[in-house]
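A.B. asks: Using the sequences and the hints, build the whole thing.
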Amino acid sequence: MKILFKLSFMIMLVSFLASCGPKGEKAATGDAKEVAEATGKAYAVNTANSSIMWEGSKVTGSHNGTIDISEGTINFESGTLTGGSFTIDMNSIKDLDLPEDKQANLVNHLKGTVEGKETDFFNTPKFPTAKFEITKATKLMNNEEGNYVVTGNLTLKDITKSVSFKAMVSEANGKVNVTTPQFTIDRTEWDIKYGSAKFVDGLKDKAINDEIALKINVTAG
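Quick note, the sequence shown lines up with residues -20 to -1, 1 to 201 if you use mature numbering (1 follows the signal peptide of the UniProt record, and there is no 0).
If you are wondering where the hints come from, they were derived from the structure by calculation, not from laboratory data. There could be a bad hint or two in this list.
As the list claims (entries may be wrong) - Here are the computed lysine-lysine pairs in the DSS-like style, where the Cα-Cα straight-line distance is at most 27 Å:
1. 173 / 106
2. 38 / 155
3. 38 / 178
4. 82 / 137
5. 141 / 82
6. 13 / 186
7. 155 / 111
Unchecked claim - Cβ-Cβ distance ranges computed for the label pairs, FRET-style:
8. 76 / 168: 42 to 50 Å
9. 93 / 60: 38 to 46 Å
10. 119 / 96: 19 to 27 Å
Every residue gets a Cβ at the ideal spot worked out from N, C-alpha and C, and that includes glycine.
C.D. replies: So this is what it looks like as structure tokens:
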């Protein structure tokens, strides 16, 4: 009976966490795909005007911020997105919702620069960058959220998974813009299990949602 009660409680807790998690369509994920050589013109990413918005949540609240893109290219041929990749500077992670004097504690924990907590989240001393490489771009018609479904390999903490999400992509006047609606990925697929009710018992209101919300904005040219 105790085992049944515990199992029922865990199911309810996971369901509750899912319901109060960040908004956005869950990205389709899977095994890493082969990266074909991109064709056409390569536009260099304008890193000063490109970033990734993030949001993480738990039962008692949420945090949000940005991560910088340090370099990358977007490829177009005959008006069609054909490929691209960009490198993410994990040491650039910032928090935007906390008072300035309280941001450091959260950011340093996320980076893994706090002694004894290096492996809780991103462990940037060991894994300073992440990378996204486009493996496929499928055109969408009459969709307000995007004109492409972009599929690519996301490498985070040396783990690579295929991720698919909608994106609005345009090429005009020698510039490329890529924006996405907010979407979510399950952080535990990249071995980020700290505070996850799926892997740690007894967290209660200290549990952290497994879903991380992302919103990508890239300009190139």
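A.B. asks: Each hint: holds or not?
C.D. replies: Do the hints match the structure? See the list:
1. 173 / 106: At roughly 17 Å apart (the allowed maximum being 27 Å), residue 106 and residue 173 satisfy the hint.
2. 38 / 155: Not OK: residue 38 and residue 155 at ~39 Å, beyond 27 Å, violated.
3. 38 / 178: Answer holds: residue 38 to residue 178 is near 14 Å, not above 27 Å.
4. 82 / 137: With Cα atoms ~26 Å apart, residue 82 and residue 137 stay inside 27 Å; holds.
5. 141 / 82: Roughly 33 Å separates the two Cα atoms, so the pair is violated.
6. 13 / 186: Cα-Cα ~36 Å, so violated.
7. 155 / 111: Judged against 27 Å, a Cα distance of about 22 Å means the pair holds.
8. 76 / 168: 42 to 50 Å: violated, 24 Å
9. 93 / 60: 38 to 46 Å: With Cβ atoms ~42 Å apart, the hint holds.
10. 119 / 96: 19 to 27 Å: Given about 48 Å between the Cβ atoms, the range is violated.
The structure shown violates the earlier hints numbered 2, 5, 6, 8, 10.
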